[in-house]
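A.B. asks: Chains as they are written, first to last, in this note's numbering: chain A, 1 to 114; chain B, 1 to 114.
No wet-lab data here; the hints were simulated from the structure.
With the C-beta cut set under 10 Å, the calculated list includes, among others, these residues of chain B facing chain A:
{"id": "1", "residue": "Lys44"}
{"id": "2", "residue": "Ala98"}
{"id": "3", "residue": "Phe104"}
{"id": "4", "residue": "Gly106"}
A few chain B residues that don't get close to chain A, going by computed Cβ distances all over 10 Å:
{"id": "5", "residue": "Ala5"}
{"id": "6", "residue": "Tyr22"}
{"id": "7", "residue": "Glu52"}
{"id": "8", "residue": "Pro61"}
Below, computed lysine-lysine pairings styled on DSS-like, alpha-carbon distance capped at 30 Å:
{"id": "9", "chain 1": "B", "residue 1": "Lys20", "chain 2": "A", "residue 2": "Lys106"}
{"id": "10", "chain 1": "B", "residue 1": "Lys20", "chain 2": "B", "residue 2": "Lys9"}
{"id": "11", "chain 1": "B", "residue 1": "Lys9", "chain 2": "B", "residue 2": "Lys83"}
{"id": "12", "chain 1": "B", "residue 1": "Lys44", "chain 2": "A", "residue 2": "Lys73"}
{"id": "13", "chain 1": "B", "residue 1": "Lys68", "chain 2": "B", "residue 2": "Lys27"}
{"id": "14", "chain 1": "B", "residue 1": "Lys40", "chain 2": "A", "residue 2": "Lys16"}
{"id": "15", "chain 1": "B", "residue 1": "Lys68", "chain 2": "A", "residue 2": "Lys3"}
{"id": "16", "chain 1": "B", "residue 1": "Lys18", "chain 2": "B", "residue 2": "Lys68"}
{"id": "17", "chain 1": "A", "residue 1": "Lys106", "chain 2": "B", "residue 2": "Lys62"}
{"id": "18", "chain 1": "B", "residue 1": "Lys83", "chain 2": "A", "residue 2": "Lys106"}
{"id": "19", "chain 1": "B", "residue 1": "Lys83", "chain 2": "B", "residue 2": "Lys40"}
{"id": "20", "chain 1": "B", "residue 1": "Lys27", "chain 2": "B", "residue 2": "Lys62"}
{"id": "21", "chain 1": "A", "residue 1": "Lys73", "chain 2": "B", "residue 2": "Lys40"}
{"id": "22", "chain 1": "B", "residue 1": "Lys40", "chain 2": "A", "residue 2": "Lys106"}
{"id": "23", "chain 1": "A", "residue 1": "Lys3", "chain 2": "B", "residue 2": "Lys83"}
{"id": "24", "chain 1": "B", "residue 1": "Lys44", "chain 2": "A", "residue 2": "Lys106"}
{"id": "25", "chain 1": "A", "residue 1": "Lys70", "chain 2": "B", "residue 2": "Lys44"}
{"id": "26", "chain 1": "A", "residue 1": "Lys3", "chain 2": "B", "residue 2": "Lys40"}
{"id": "27", "chain 1": "B", "residue 1": "Lys44", "chain 2": "A", "residue 2": "Lys3"}
{"id": "28", "chain 1": "B", "residue 1": "Lys18", "chain 2": "A", "residue 2": "Lys106"}
{"id": "29", "chain 1": "B", "residue 1": "Lys62", "chain 2": "A", "residue 2": "Lys3"}
{"id": "30", "chain 1": "B", "residue 1": "Lys18", "chain 2": "B", "residue 2": "Lys62"}
Just so it is clear, CB atoms sit at the ideal spot from N, CA and C, and this is done for glycine as well.
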Amino acid sequence: AQKITQTQPGMFVQEKEAVTLDCTYDTSDPSYGLFWYKQPSSGEMIFLIYQGSYDQQNATEGRYSLNFQKARKSANLVISASQLGDSAMYFCAMTNQAGTALIFGKGTTLSVSS
Amino acid sequence: GEEVAQTPKHLVRGEGQKAKLYCAPIKGHSYVFWYQQVLKNEFKFLISFQNENVFDETGMPKERFSAKCLPNSPCSLEIQATKLEDSAVYFCASSPRASYNEQFFGPGTRLTVL
Numbered sequence: 001a002q003k004i005t006q007t008q009p010g011m012f013v014q015e016k017e018a019v020t021l022d023c024t025y026d027t028s029d030p031s032y033g034l035f036w037y038k039q040p041s042s043g044e045m046i047f048l049i050y051q052g053s054y055d056q057q058n059a060t061e062g063r064y065s066l067n068f069q070k071a072r073k074s075a076n077l078v079i080s081a082s083q084l085g086d087s088a089m090y091f092c093a094m095t096n097q098a099g100t101a102l103i104f105g106k107g108t109t110l111s112v113s114s
Numbered sequence: 001g002e003e004v005a006q007t008p009k010h011l012v013r014g015e016g017q018k019a020k021l022y023c024a025p026i027k028g029h030s031y032v033f034w035y036q037q038v039l040k041n042e043f044k045f046l047i048s049f050q051n052e053n054v055f056d057e058t059g060m061p062k063e064r065f066s067a068k069c070l071p072n073s074p075c076s077l078e079i080q081a082t083k084l085e086d087s088a089v090y091f092c093a094s095s096p097r098a099s100y101n102e103q104f105f106g107p108g109t110r111l112t113v114l
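Just chain A, with the same shape it has in the complex:
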C-alpha cells in the first residue's frame, strides 16, 4: 500500500537560514506525483511545489525546492532563507495508485524565529 512518512513532528530554524523537511514515500507504481502543501495556523492549504516521478530535474518554485531522490524514495522540501511567515505545518503528499486522490503524510510543524 502507498504511504507517505514525515518523521519530523517539529522543526525549528532561525530567520534567513535554510531548512530541509523530510519526506519518504512507498509505492510500487512507476508513475506518481509528489506534492508539498503549507498549512498556516489560519487553516488553509497552500500548494507549494510538485514533482513528477519521471521528471529529470528537481522542482523549484522561488525559495522552495524539492530534493527528489527516486532510488531512496525521498522527496524532501528545502526552504531557503526562511522567513517568519514560513512558520506553519507542512504536508508531503503523493497521488494514489489510481491517480484519483492524494495520500498525505502526518505533517511537520516548522517554527521560524527572529
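Given the coordinates of chain A, assemble chain B onto it according to the supplied hints.
C.D. replies: Coordinates of chain B only, in the frame set by chain A:
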C-alpha cells in the same frame, strides 16, 4: 470563481443530527475531491468526482456519508446521524485534471459534533 468556495465555515451539530457541507469548485475544474482532517494533521480522502460522476469513493464511510456533484449546483457532502468522531475540518479541493496535477483547496468547513 477563481477560488474553491466552501460553506458554511463552521457547523455545530448534536450527535445524531444531519450535517450538510457545500463546495463550489474553481470554474472550469472538472475534478472535485473531499478530504477530512482530524486533529490538525491526519488527512483522510473521502471521495472524488469527475464532473457529476463519482471518480473514487473508496474512502467514504458509506453507512452515513453521501456526496453529490450535480450540474450547475455546488457539490455537497452529507453526514446522516453525526457521531462525535465526525468532528473534523472537511476540505474540498478541485483540479482541472485527475492526477499529477495540484489540487486547489478550499478554506474548509469545521464540523463540531456535540
